[in-house]
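Final position of the sequence shown in full-length UniProt numbering is 180; the numbers increase by one with none missing.
This list has only true hints and no planted wrong ones.
Label pairs and their in silico Cβ distance ranges: (1) Asp-6 x Pro-177: 33 to 39 Å; (2) Ser-24 x Trp-176: 50 to 56 Å; (3) Glu-167 x Gly-22: 39 to 45 Å; (4) Thr-56 x Gln-174: 20 to 26 Å; (5) Asp-135 x Ala-60: 21 to 27 Å.
Keep in mind the hints are simulated off the structure, nothing from the lab. In this text, all values refer to a predicted model and were calculated from it rather than measured experimentally. Built from N, CA and C at the ideal position, the CB exists for glycine as well.
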Amino acid sequence: MRLFWDRGYDGTSFDDLTAAMGISASSFYNAFGSKEALYQEAIEAYIKLVGTWFFTILNAQTDTRSTFAHLLTTAATEFTRNDLPTGCMIAAAATQCAPTQARLRDLLATQRIQAETALATRLHQGIEAGDLPPDTAIKALATFYSALLRGMAVQARDGVPRQRLQEIARIGMQAWPVPA
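Please put together the full structure from these sequences, using the hints given.
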């Protein structure tokens, strides 16, 4: 997972994978079948790792604004951890790839859509709880915060420090809808 996260699918060679796992080519194929199959397993492992903080925050029993503020500030921290590759393994992965890798592109696009849907679901709960105006454009707001999170992940990959990402998170919360 770390190799794919750090180097991407194309940037991770078969030799890199077998060396990192300390196994032979035949053992690799017996265990995983293909590089693509291993990549899919790595994505699933990443979702379990990241999904923990992402969904824990979204499901917290706090008002919606606090939930989103916490989500953004936690993303700034998670995207810049010292013990993991920076950014997000899914945010910009496989957006441009060869036609033969369309399955990977579609898999990652689906993951991004699912995360955005989770944001929209939480926003809808905010309307039901009365802490968001009833006329809030849920889909647009979810897309905005999804794009902001992905942008922060790319910035982290580019070496932007945590403090700047936290500033971006604070600015992003200025877009929060206020009751009329």
